[in-house]
Amino acid sequence: MKFEQLLLAGIVLGAIYGLIAMGFAIIYKATKIVHFAHGAMLPLGAYLVYTFAVRWDQPWVIALIGASAICAAINVLMQKVFARRMMGRPLFAAIMITFGFEILLRAGMNLIWKGKERPIGDPWGSSTVSLGGVTTPEASLWILGMAAVCVAAIFAFFRWSNLGVQMLGTASDQEAALMCGVPVQRTFAVAWAIAGVLAVVAGVSASLFPRTLGPELLALGMRAFPAAILGGLDSVGGAVVGGMIIGIVEVMVAGYLSESAIFGANFSAVSGYMIMIVVLMVRPYGLFGRKEVARV
Amino acid sequence: MTTTTSALDVRGAYANYQNADVLHGIDLQVEQGMVTALLGANGAGKTTFLRCVLGLMAVHRGEMSAGSVRVLGQDVSRASAQKRIRAGLAVVPEGRRLFADLTIEQNLRIGASTRRDKETSEDVEKMLERFPALRRPKLQAGYLSGGEQQMLAIGRALMARPKILLLDEPSLGLAPLVVDGVFETIASLAADGIGILLVEQNAERALDASSQAVVLQVGKVVRSGASADLADDPVIQESYLGVAS
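Just so you know, the sequences run in chain order A and B. Heads up: the first sequence begins at 1 in the numbering used here, then just goes up one per residue. Heads up: the second sequence begins at 1 in the numbering used here, then just goes up one per residue.
Warning: the hint list may mix true and false statements.
Here are the simulated DMTMM-like cross-link-like pairs (lysine to aspartate or glutamate), alpha carbons at most 25 Å apart as the crow flies [claimed, not checked]:
#1 B/LYS118 to B/GLU94
#2 A/LYS116 to A/ASP57
#3 A/LYS32 to B/ASP101
#4 B/LYS118 to B/ASP192
#5 A/LYS32 to A/GLU175
#6 B/LYS83 to A/ASP57
#7 B/LYS83 to A/ASP173
#8 B/LYS138 to A/GLU175
#9 A/LYS80 to B/GLU148
#10 B/LYS83 to B/GLU169
#11 B/LYS118 to B/GLU105
#12 A/LYS114 to A/ASP173
#13 B/LYS138 to A/ASP173
#14 B/LYS163 to A/GLU175
#15 B/LYS163 to B/ASP75
#16 B/LYS126 to B/GLU63
#17 B/LYS163 to B/GLU31
#18 B/LYS138 to B/ASP117
No lab work stands behind these hints, which were simulated from the structure alone.
Bound-form chain A, shown alone (with noise of 0.2 Å):
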């Protein structure tokens, strides 16, 4: 029963780095930025809706679209601003920026909300459901749910839409795609602000299950970025690939080593990036990544 029990948590804790991961793929991808302020857009997410939802009293529903929108509009802001004269520059003075933004969004984080834990009001509560014989909160159900429309709705816009597919080709070649015509600097833009969606959600999951809203999210964009690696860091579904991996073992290991002697108990935090170590070691450019892809 126990390893039910932390197959379940794994599945959980994965649909939220998977969540996590995929924003960090396709800003990559359609941009070949990596995002290290994706992470403080977590926090920033959940104290959003926070504000919404429980300050101003507001539905759900409505606090996670206003949050959604205040974040893809600020991720939009800046690539404009800022990401967008980087663009071809050495990558390092792109993730040098990008660092930039992370340290403003935290300092804003704590001028607005104090640093403080704060409930974020969710309409589940503490109440719990039975699957199979594992009790889980119904929270993480809705976790679950959640992702999976996530997911679902990317896999959808990169299928179906014109401006998937065109985001897609300037991926694949940027000045073939200008000299199709296709908007570029407008995928670029949507791309981010998919990310900035995808922080909410995945913001809003780590703060209902397992952790609580407060200043330590900041910490779970860095736990998910391996997952992102992982996967191959142009690929959004092995983002979803790569979360899942890293989420089912850090909580089994939690589960069964945190007493050995040999790992400690905080064996777990730094698991995940062991995994990506090894599966580098063999395949340099990710699970399912292009090979291509710059070192970071």
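Following the hints, position chain B against chain A.
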């Protein structure tokens, strides 16, 4: 100066990359339903000229510093590539530049990026019909042979429903028999009323396939006129057709 009725009308085009001047006042016209050949050796400025026509100089940190580009009478000299394509241009780039990891169908759809109508899917079907090599729409473009890729590149450009088609070295790297197919396609597009600017190193084929021709040399027009006359010009024969004088 005559009034412009040409499909594509470029006048006095000067272009440079940072501090290197590449084009020095190029005039060139393409008429509807006609093929104009643009000839010249490597480095003569042919590809730069196409970039000026398409508005892509900035991508290469260059600019068209003077001159005008008109598409069907509309001045697009300062317009984005997107607006120029919407005005009636399309390009088949050198080396084809297909989206190799996307499918044939996706490549074709991207070709219709500037269109606002709802007939894209019908046009995709038409392209699959027109080019038998493309009848596996779910196949990744990278798996096509060179000749098939060239057909897809042409099909992708046609998806924009152009009035003027720019072809940059369409015969490069293709087997002679395949080149025949490419030139047949070019002739049939001209017969459909599309104005064609054919940039070629293969001067013999290009002069044969075109009615007008312009010869560039280090960024200047050194000869222009009817292709048949140029083919008889001893200087052209010696420099571009490999005929000993």
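Tell me, which hint numbers fail for this structure? 1, 6, 9, 12, 16
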